[in-house]
Amino acid sequence: MNAVATGSAASLVELTELNQAYADCLDSGDLCAWPNFFTPDGVYKAQGRENFDRGLPLTAMFCEGRGMFEDRVTVITKIMVYAPRYLRHVVSAPRVLGVTGPLICARASFSIFHTLPHEPTTLLSVGRYEDEVLLDAAGEMKFRLRVAVYDSLLIPNSLVYPL
Amino acid sequence: MNAVATGSAASLVELTELNQAYADCLDSGDLCAWPNFFTPDGVYKAQGRENFDRGLPLTAMFCEGRGMFEDRVTVITKIMVYAPRYLRHVVSAPRVLGVTGPLICARASFSIFHTLPHEPTTLLSVGRYEDEVLLDAAGEMKFRLRVAVYDSLLIPNSLVYPL
Amino acid sequence: MNAVATGSAASLVELTELNQAYADCLDSGDLCAWPNFFTPDGVYKAQGRENFDRGLPLTAMFCEGRGMFEDRVTVITKIMVYAPRYLRHVVSAPRVLGVTGPLICARASFSIFHTLPHEPTTLLSVGRYEDEVLLDAAGEMKFRLRVAVYDSLLIPNSLVYPL
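Chains as they are written, first to last, in the working numbering: chain A, 1 to 163; chain B, 1 to 163; chain C, 1 to 163.
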């Protein structure tokens with residue numbers, strides 16, 4: 001299947017920008033802006049590849065609907081106790097896997113690095129995003145579903161932020 | 001040299017899709033689809049940077065023509081004995097280095113990570129792809145030549161899959 | 001903010017090519033070509049994220065104007081003593097953060113790996129480029145300012161090459 005056949009070059013540019021803006025949001029620590037990347041009833045999962053591939057339900061992180069996203073942000077920014085860290089996402093170009101009316105199914109690979117104080121930078125996680133993207137009323141792309149499927153089944157330290 | 005001068009934006013979109021689809025094929029473990037990324041007389045090499053840069057012939061993996069590709073797939077999927085592992089490619093945007101009639105010469109950088117059972121994800125290899133790409137009769141891009149030139153001269157464990 | 005709103009798809013293609021050509025220049029060891037990526041009065045900084053984010057002046061590397069760039073190239077290629085190494089940049093797609101007349105402000109994330117002789121490849125640095133880009137008289141994009149803001153505050157070994 002060919003990108004040109006399934007999505008226009010313009011929507012690839014917009015998808016790329018969506019992915020990079022999402023990564024920037026997390027890397028800059030601006031977690032409060034994270035829920036805005038999703039539709040109001042959007043779903044986010046961080047799920048191990050073994051479970052995703054077998055259709056099993058267990059996830060490391062799960063949010064459905066704006067309220068759960070905002071809860072998660074509150075937990076991370078105000079309640080959890082953890083060492084401060086820098087994140088850095090390096091995300092591949094997206095692939096459009098299919099277009100059904102206004103819905104775009106897309107995939108991209110990610111590598112995420114983190115840096116804790118006084119420590120060298122290490123690899124946090126690699127995997128792929130499996131996405132369902134919609135245009136909202138303002139014509140902006142939002143995730144109706146983003147599953148961060150991580151290959152890295154041993155999570156170093158703990159998973160604080162969304163992937 | 002400028003991408004816009006040497007290749008249209010449309011062919012960059014298609015090249016990007018080719019690179020990402022190739023990566024996806026290997027990362028998903030769908031090795032049987034791997035030969036389809038090449039022309040029937042296509043060539044694949046995985047070669048250390050020292051040898052490539054000096055024009056020396058030794059490669060870690062070499063396939064020429066559909067038969068050798070299919071042999072390699074059979075060896076990997078049915079004969080070799082190795083621990084199962086997940087691969088993850090994060091590939092940069094491609095550069096068009098030149099266009100000669102229907103032939104596009106292109107380059108992209110890769111980082112490849114692998115995850116073995118019960119082990120943290122580690123870096124497998126980094127390097128660059130040196131590619132010669134043609135449109136086939138159906139208008140799809142195929143590799144006439146892909147050389148995966150790896151910087152990582154010490155291969156951790158062993159090289160099971162193509163890069 | 002949306003890429004389509006702030007920059008045309010064509011300028012994203014050119015920015016991507018600029019970033020990849022810059023990475024290629026350093027990865028191929030062609031350091032003499034490095035100053036040409038900047039305007040004659042261009043500025044390059046490699047700066048730790050802590051300092052950049054607080055507006056502090058200390059940088060690990062600083063060049064302003066063609067003379068300082070050429071000095072740096074001479075120092076690296078003729079004077080410094082260090083083990084030879086391969087660099088490999090894997091750079092994300094760029095984001096256009098704003099356009100003011102001919103000036104484009106852009107950002108991209110980088111991961112940089114290095115390989116020393118007889119050693120496995122390791123991560124050198126991750127971070128982001130904060131760029132100001134202009135078209136020169138020949139219509140080519142050049143950096144008026146590139147700040148390589150590295151997350152990796154512990155630099156393994158030493159920083160020989162620009163990031």
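It cannot be assumed that every hint is accurate.
Heads up, the list lumps identical chains together, so a pair's fine if it works in one copy or across two of them.
To be verified - Once the Cα atoms are required to be at most 25 Å apart in a straight line, the calculated DMTMM-like pairs of lysine to aspartate or glutamate come out as:
1. Lys142 with Asp30
2. Lys78 with Glu130
3. Lys142 with Glu70
4. Lys78 with Glu50
5. Lys78 with Asp136
6. Lys78 with Asp53
7. Lys78 with Glu140
8. Lys78 with Asp24
9. Lys142 with Asp24
10. Lys78 with Glu132
11. Lys142 with Glu119
12. Lys78 with Asp30
Hints listed in this document are in silico derivations from the structure and should not be mistaken for laboratory results.
Hints broken by the structure, by number, lowest first? Of the numbered hints given earlier, those the structure breaks are 2, 5, 7, 10, 11, listed in rising order.
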